[in-house]
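**Q** These are the residues of each chain, in order.
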Amino acid sequence: MNAIIFSATWGIVMMFSGVFAKSKSTPRWLAIAGIVLLFIVNAIELNNGQPIFFIDAKDMVRINSFNLTFLAVVFGCTLLYFLLCGKDVEKVGEHVGEYFALIFFVLCGVTLVATYNTLLLLFIGIEILSIPLYILTGSDKRNLKSNEAALKYFLMGAFSTGIMLMGIAFIYGANPNASFFINNIDLGTGQLSVMMASGLVFLLISLSFKVSAAPFHFWTPDVYDGAPTVFTSFMATIVKVAAFFAFIRLFENAFGKVHAQWQTLIVVITVATLLIGNITAVFQQSVKRMLAYSSIAQAGFMLLALFALNDRAKEGLVLYSAAYSLATIGIFAILIKMSDYTVEGFNGLGKSQPVLGLTATIFLLSLTGIPLTAGFQSKFYMLLAAVENGHHFWIVIAAVLFAAISAYYYFRVLQAIWFKPVKENVIAAADLTKGFKILLILTAIFIIVLGIYPEILIQWLYH
Amino acid sequence: MDIKAYIALSLTLFSIGIIGVLTRRNAILVFMCVELMLNAVNLLLVAFSKMHAASGIAKASVHYASDAQIFVFFIMVVAAAEVAVGLAIIVMLYRNTHSVDINFLNRLKN
Amino acid sequence: MSNILELAWLIPLLPLIGFLINGLGRKILSKGWVSMVGCGVILASFILSVMVFMQTKNGIVLNTSYFDFINVTSFKIGFEFKIDQLSSLFLLIITGVGFLIHVYSTAYMHDEDNKDFAKYFSYLNLFVFSMLLLVLGGNFVIMFIGWEGVGLCSYLLIGYWFKNKGYTSAANKAFIMNRIGDLGFLLATFWIIKLVGSVNFDVVFSREGLSAITNAPYAVTGITLLLFIGATGKSAQIPLYTWLPDAMAGPTPVSALIHAATMVTAGIYMIARSNVLFSLAGHTQTLITVVGLATALLAASIAIKQNDIKKVLAYSTVSQLGFMFIALGTGNYIAAVFHVLTHAFFKALMFLGSGSVIHAMGGEQDIRKMGGLHPHMKITSITFLIGCLAIAGIPGLSGFFSKDEILAGAYSVHGYGKVLYGITLFAALLTAFYMFRLYFITFTGKFRGTQDQEHHLHESPAAMTIPLVVLAILSIIGGFVGVPEALGGHHELAAFLSPVVKAAEHQLDHNTEYILMGLSTMLVIVSILFAWSKFKNYKGEGEATGFGKVLQNKWYVDELYQSVIIHPLKSLSAFFNNVLEKKGIDGFVNSVGKAVHYSSRQLRLLQSGQVGLYVLLMVIGMLALFIIQLFV
Amino acid sequence: MNIITLIFILLSAMAVGSAVMMLLSKNPVKSILWLIVVFFAISGHYIMLNAQFLAVVNIIVYAGAIMVLFLFVVMLMNLNSTEEPARNMRLQMVGIISGGSLLLILLSSLMKTNKEQLVLMRVGDAGLIKNLGNVLFTNYVLPFEIASVLFLSAMIGAVVIGKKN
Amino acid sequence: MGTFITFPELLMWLPLLAGIVCFFFKKGPAVKSFATAASLVVLAVSVTSLFYADAQFKSYNQVNYVWMKQIGNSLYLGLDSTGRLLTLLTAIAFPVIFIATQKNNYKNPGSFYGLMLLAQAGLMGVFVSMDALVFYFFWELALIPVYFLCSKWGGEKRIQSTFKFFVYTFAGSLLMLAGILYVYMHTPARAYDGGIAAHSFALQSFVNSSLTAPEQNWVFWLFFVAFAIKMPVFPFHTWQPDTYDQSPTSVTMVLSGVMVKMGLFGVIRWLLPVLPEASAHFANIVIILCIIGILYASCIAMVQDNIKKLVAYSSIAHIGLMCAALFSFNELSTQGALIQLFSHGINIIGMWIVVDILERQTGVKNISQLGGVAQKAPVLTIFLVIIALANIALPLTNAFVGEFMMFGGLFSVNPLYALAAGISIILAAVYTLKMIQKAFYGEVVPATSAIKDISFGEKAALFGLVAFIFLFGVMPQPMIDFTKDALKNILAVVQ
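Residue numbers (the numbering used here), protein chains in the order written: chain E, 1 to 463; chain A, 464 to 573; chain P, 574 to 1205; chain H, 1206 to 1370; chain B, 1371 to 1865.
The hints are simulated quantities; they were obtained by calculation from the structure and are not laboratory data.
Mixed in with the good hints, there may be bad ones.
Claimed, not checked - Okay, derived cross-link-like pairs now, BS3-like style, lysine-lysine, Cα gap no bigger than 27 Å in a straight line:
(1) B:K1804 with P:K1155
(2) P:K1167 with B:K1527
(3) E:K351 with B:K1397
(4) P:K600 with B:K1808
(5) B:K1396 with P:K1156
(6) B:K1439 with E:K420
(7) E:K420 with P:K1167
(8) B:K1473 with P:K600
(9) P:K1156 with B:K1527
(10) A:K467 with H:K1317
(11) E:K437 with E:K24
(12) A:K467 with H:K1369
(13) E:K420 with B:K1679
(14) E:K420 with E:K434
(15) E:K420 with B:K1397
(16) B:K1804 with P:K738
(17) H:K1369 with E:K91
(18) E:K87 with H:K1317
(19) B:K1679 with P:K1156
(20) E:K351 with B:K1473
(21) E:K423 with B:K1396
(22) B:K1473 with E:K420
(23) B:K1735 with P:K738
(24) B:K1477 with E:K351
(25) B:K1477 with P:K736
(26) B:K1534 with E:K420
(27) A:K572 with E:K91
(28) B:K1396 with E:K351
(29) P:K1143 with B:K1735
(30) H:K1369 with E:K145
(31) B:K1808 with P:K738
(32) P:K604 with B:K1746
(33) H:K1317 with E:K257
(34) B:K1808 with P:K1143
Given the structure is predicted, the values throughout are model-derived calculations rather than measurements.
Could you build the full structure based on these sequences and the hints that come with them?
**A** As structure tokens, this is what we get:
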């Protein structure tokens, strides 16, 4: 509750900061202050179980330690994102304050989709999440790629909104309780009614779109590629895991009881996502685009949570959110500094910029899922959840095989970093402040700590 | 009126919207087709609300029938916001490329 | 000293110490010291062996285990020695002949570098050690250790001049062929382990052990066959004999020691050791006889046409080993051991004699370039002649008694005994013929070498001639340990060995024996005379044609092996390497990667950049999901 | 066939027909106008369902505001003169087929299994402004407030994207 | 000591810390001596642990910290006799490698030695972990430093071949992870102090898991493929020759001397006890695969010109035999495999040391380009011949004992197995002798004309190995006694 209020308010603050602030960096510092505030109020709510301001939402949002922990992860990652990439936001265009405002609105949407208890707020939350993103995608106005990405994202996003609404309509229609509350949906007994099933599939499709699960992923590579890199980083991490959170929240609370009836769909989607994400990433020459595909691949792994839909899966999802976001933000932060986004651009980074090389290595290892990194733990929790589910064990085997393929493209970057000769002018060294490097190192260390002892995060779920 | 009639109508409109998205190349028209899809949903929601009112199961709630209509109202709100952003994007693109043909957009691929 | 047998472990240990001293000190020790150490340890072993022999002669034997070699709960292999009459006899041969050859080597190898000289002696000592281990071993595993050890030393010594590719190839060939046999030996050992649960000779050859083997199907035949395969490798029988002639690449004393007197008789020793077992395996015995006979004939026929002095001797060795196997196959174990003994004397003698000749000829080994050496090196010539007479089986010399016993044994076989006798006798006649061919071509007639060589012809130094003389004496008198009863003897060897080796079952009556002896003696003399008439004035000969050419080319057996075994194996390996490995398995692995790459390239085409297509694919995906949900 | 059914059929035919026409017309401006007709037909349905508020809002917001905005943009770009190039026919066919099959799949299963459930026509007061307003500002206060965030971001978006620099 | 820190912890932490320290060194010689010293300390610890093997010192050898208690995982380390054997091998291998390759100069020595020690830590971890998840951690962690070592300091085609190796083994180990998870789900649930009932990753729970026979049968392959790739067993071996060829030789020593033992160790520690019925069920298939591999690899070794690949293929053959022996399930062969684990490690490291010296001095790897080394470097040649002969299991060398027992065990399973596998001892002789003949004998060729005999460090390392070869060749009984415990455990499970 705190988070909704503060993120919305701070968005407005940021909106005005652009107008009144003289220095270009003021909005950035304000934003950092805002996210710290957001993190703190959220932490207070997590710790005390009571919000500072109470609004009677008529049970439209439900707040518990689980989604508060998730929000803490999101805000923490955003803080890291601001610290690492804040300066690069300034470089996108004139409207720095507005960019940050939009990001805060997105965070408001994230909070909504993490806490909603009614389909209406899910819908509004998803929209609040999406609309600022359409804008951020197109914020590099002179860049045709950015324009194109914005339009693609917008058109397909609007299309998926339509689908989601159709799903909501069917579910409402099929719900004898005539309610949009997700915990108040009467699924009946035995086989789902056709209308309910159709609604479920519509919702599944639109949420799959949001989390870029195959075959609804097509927007992802183009949009991630076209958007200004600094926003791609945000989209690919925080927004994506939020969508996942919304996804699992809906399907657990509303349709958890009939899990068996839609599990097959998830299996199909999961396998398709793993397949397309991993395989297609192999051929990419641009690291940015490769990361886009890899985000699809990672989504495939996160879908295992939906497949399993048990406690372990939720723990895993939170862990995955943290691990995946941290590593991806880190690798994007390095990528942004590059003049060349191709794999060759990374050539000899380990030699010319050892700190960057080393931290990038840890991020990539984490994304691959090498033990003692957070990436491994999160993947492991997902697999464990899938195994605990007890059905379709083969999907675990498929998942691990695709993980092996993922080593292929992540390690190509690693090879470039360490084993290829140094390329001239790979990086604008002026941008690399000491703080930036220290932050990267801290991130890497945190990834390892999380990899060794994931319970520092998971324990909050049961606080 | 049987609810099936509304479902059929709504789905038909919805599908026409989808077909429009699939077949038109003008970004504005594609967007309009999406709006058509939204309207189909709106109609269906209202119909459902009246259906529930008719079946009377949810009579316990005072506002049982208002929920869906409020929802429709919010859909319109969102649609308006979307239109603002969407048209802005289309205009921006048009300014840069002098075209609103979506097939023209393939700098980003593979 | 209560019992010298308690010190028997010193017998192999001394050569080992000699090996270590010479091997590690090869850079420091002078040739004198090396010789001293090398010969000294063997002499010490010899003395001990003689003392041991005396003990065993009195019927005192020893089975002892020094420590556990392999001890797992289900069974145990000790580091066991078994000293009885049979092993003590072999101890004498090995250390005795070995000592003589060591002494001989000090002179023969004197031109070598200091280091190489030491290396040579260390190898030689190591060989003696291994050979002693082989005969002393109280179970199959310890025997196997020695068995492989002698193979190794043979490899090292054949390849002693390692710069020469041909020599090292010969060494490899020897080792590999031995290994083939060793595999047979090993498998037999495993079989015994499986059935008896022990490898100790006493246990295996006990009534319980034998009944365990005889009760299992095929086991007796199988085990003995496998052991025999082991023997064919070590003792150069068909089909694994071709390494022995090639092994002549090593220094001549090595040929004398390893490839004539000791190592090659290991197979005979092993079968004699296991005689109880072999006596139970009729099929194997028949096979051994056939193989022995075939080897004897084949090798003898090849020897007729060889011109390398050592090759002739080598084939002669193979042939003589064949005789021994005939004896083994006919159950005449005593005769086989007896022939080992006498053969050790005269064949070592002839090898050393040939070494003396080669030494004098400055390394020349081709007898066509020799001739008329008798005047120049009388001791060599005479001792060589004694050797020839002994091997040919002239009565009174050692070879006569042992060979006669084999022939008699063959004759007394039921059924086909006479045929067997006839063929064996023919082989014996060939022996006489080629040996005297060799003698006449080498020592009589005119010298056919270069002037330079003629100028340098000289008798060898005392260190070489003394062993020759000693061996010549032994070749003459050695046979008297086994004078058959028909000639008024008591066959002391048979009596000595009787606790270990059963005497042959069939006994001929004395009249038959006289006839057979007379017949063979007569024919041998005829054969020698024929050789004399043909080769007394040898002047070289033209290119061999027809059958002679086949003989000269050793029946093309090497070529046969090359094309039937080695070449296909190489092709197969090349096929594995080039096709199956690179294109098949690795190709498969790589094609997985390629497939991923390919599908990546294809899948990414879906990402065409066109929103319309994206939405279309989304709708198709939706369709699929709806169909799955609603209709499946 | 009573009058309600008749009106329903008429309105439905109008909606579907106009929607099809919107798809078929080559000129964007005509498409927009056809779409406005669809909206009117839908508003008619709302009235039939006694959702007057929505009917009015639909006309004001959609037909009035949004469509006019579209029209403006089309005029601004002067798109009506340039005809939209024909899409790849095959792709178009695939699009129609897949959209149509989606419709068929859903319709066939929905029509087959659902038992008859009637819709309340022309009665009920839930759709009146008073009632809706009451609910909107009590139960739905959170979404209502949050919707402002949506508009704020749309506004910022228009500024960020639309402003020339 | 026991309560403060235990042997398994020491063995794991020491190299880890030393490895991290190494990264901060700048100068080559300093880091060399530091790494050597560190590895010697580890060796000392490992040797000391041998004296504390009795049951009364249990607290010295076992430690169990709860780690992730919600999923029932704990940092459960322990030294049993198999573990002790292999940690000892690891502890011996590294100082020997460091000493023997002292003459090699690597770029970025700090990173090189650091990664080497990290690899050692990983290996130690694999051998001491008693918890499946911890085992998996270390299993992967041992791989990562090796990946970097090979890719950074290897030969021309290092990146591709190492990457193949990495993906190959990574895929295998991920399959194992799937298997671990599956077994985990079938372990008896246990209550934690927190009251959360969870399954457990502990070895004991795995052994007591309630898998039905059909489940075991396919879980078996998940594990086995991972182990088979690591060993490697035909037909999962194709990463190996290329990797051995392309990696820096000191890494190859680690790979072939110690790392491949991870696979065999996995079979001993995890596969046989956890899936006994399936192991028995598939024993014949595994043995046949192994035997095919033995003959196949031996054949290929015969026609190999590249000396590193030759040794690589010979290693495949040897490992295949060990694997076959482990699946023979009788005392003799299992015992043989256990001691051969160790002996093979020693011999193959010795082999690589010689190859390394040759390669460094001549710059060629092809046998056909070598010749006459024996004249130039007699001492090296003597060592090589001894090691090569040990490699082909000549009696009185350590390998003979193991191979003899393994063949004996195989024979009692099926004589044909022993015959088929036995052919390899002939083939081994063929390719080994051919290699010696062509590379070491004969006349000196240009490539070898400048070769020098070995240095003191190399001599010391090789002498140590050779001493070991003979010591345990003549008196193998101490080693047999040492591994008897492990043997009992293995056989008990299988029966």
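**Q** Please go over all the hints and tell whether each is borne out by the structure.
**A** Hint by hint, here is what the structure shows:
With a C-alpha separation of about 23 Å, the suggested pair B:K1804 and P:K1155 falls inside the 27 Å cut-off, and the hint holds. The straight-line distance between the Cα atoms of P:K1167 and B:K1527 is roughly 18 Å, inside the 27 Å bound, and the hint therefore holds. For the suggested pair E:K351 and B:K1397, the alpha carbons sit about 17 Å apart, so the restraint of at most 27 Å is met. Taken as a hint, the P:K600 and B:K1808 pair is honoured in the structure, with Cα atoms around 25 Å apart against an allowance of 27 Å.
At roughly 45 Å between alpha-carbon atoms, B:K1396 and P:K1156 are farther apart than 27 Å, so this suggested pair is violated. Restraint check: the Cα-Cα separation between B:K1439 and E:K420 comes to about 43 Å, which exceeds 27 Å; the hinted pair is violated. Restraint check for E:K420 and P:K1167: the C-alpha separation of about 23 Å stays at or below 27 Å, so the hint holds. This hinted pair checks out: B:K1473 and P:K600 have alpha carbons roughly 26 Å apart, not beyond 27 Å.
Among the hinted pairs, P:K1156 with B:K1527 is consistent with the structure: their alpha-carbon atoms are about 18 Å apart, no more than 27 Å. At most 27 Å may separate the alpha-carbon atoms for a hinted pair to count; A:K467 and H:K1317 meet this at roughly 10 Å. Restraint check for E:K437 and E:K24: the C-alpha separation of about 23 Å stays at or below 27 Å, so the hint holds. Distance check on the hinted pair: A:K467 and H:K1369 sit about 50 Å apart at the alpha-carbon level, beyond 27 Å; violated.
Between E:K420 and B:K1679 the CA atoms are separated by roughly 26 Å; this keeps the pair inside 27 Å, and the hint holds. Straight-line distance between C-alpha atoms of E:K420 and E:K434 comes to about 25 Å, which keeps the hinted pair within the 27 Å bound. Only pairs whose Cα atoms come within 27 Å are accepted, and E:K420 paired with B:K1397 is accepted, the gap being roughly 23 Å. A hinted pair counts as satisfied when its Cα atoms are at most 27 Å apart, and B:K1804 with P:K738 qualifies at roughly 11 Å.
For the given pair, H:K1369 sits about 17 Å from E:K91 by alpha-carbon distance, which is consistent with the 27 Å threshold. Under the criterion of a C-alpha separation no larger than 27 Å, the hint pairing E:K87 with H:K1317 is inconsistent with the structure, at around 59 Å. For the hint linking B:K1679 to P:K1156, the alpha-carbon distance of about 17 Å falls within 27 Å, and the restraint holds. Under the criterion of a C-alpha separation no larger than 27 Å, the hint pairing E:K351 with B:K1473 is consistent with the structure, at around 25 Å.
At roughly 24 Å between alpha-carbon atoms, E:K423 and B:K1396 fall within 27 Å of each other, so this suggested pair holds. Simply put, B:K1473 and E:K420 have alpha-carbon atoms about 26 Å apart, close enough for the 27 Å limit, and the pair holds. The straight-line distance between the Cα atoms of B:K1735 and P:K738 is roughly 20 Å, inside the 27 Å bound, and the hint therefore holds. Taking the CA atoms of B:K1477 and E:K351, the gap is near 12 Å; set against the 27 Å cutoff, the hint holds.
Between B:K1477 and P:K736 the alpha-carbon distance is near 38 Å, which puts this suggested pair outside the 27 Å criterion. Between B:K1534 and E:K420 the alpha-carbon distance is near 17 Å, which keeps this suggested pair within the 27 Å criterion. The straight-line distance between the Cα atoms of A:K572 and E:K91 is roughly 25 Å, inside the 27 Å bound, and the hint therefore holds. As the CA atoms of B:K1396 and E:K351 are separated by approximately 14 Å, the hinted pair is consistent with the 27 Å bound.
Between the alpha carbons of P:K1143 and B:K1735 the distance comes to roughly 21 Å, so the proposed pair stays at or under 27 Å and holds. Distance hint between H:K1369 and E:K145 is fulfilled; the C-alpha atoms sit about 18 Å from each other, no more than 27 Å. With a C-alpha separation of about 8 Å, the suggested pair B:K1808 and P:K738 falls inside the 27 Å cut-off, and the hint holds. Pair hint P:K604 plus B:K1746 holds up; C-alpha atoms about 22 Å apart against a cutoff of 27 Å.
Of the supplied pair hints, the one linking H:K1317 and E:K257 holds, its CA atoms being roughly 25 Å apart against a limit of 27 Å. Note on B:K1808 and P:K1143: the hinted pairing holds, with a Cα-Cα distance of about 17 Å set against a maximum of 27 Å.
The structure is inconsistent with the numbered hints 5, 6, 12, 18, 25, although it conforms to all the rest.
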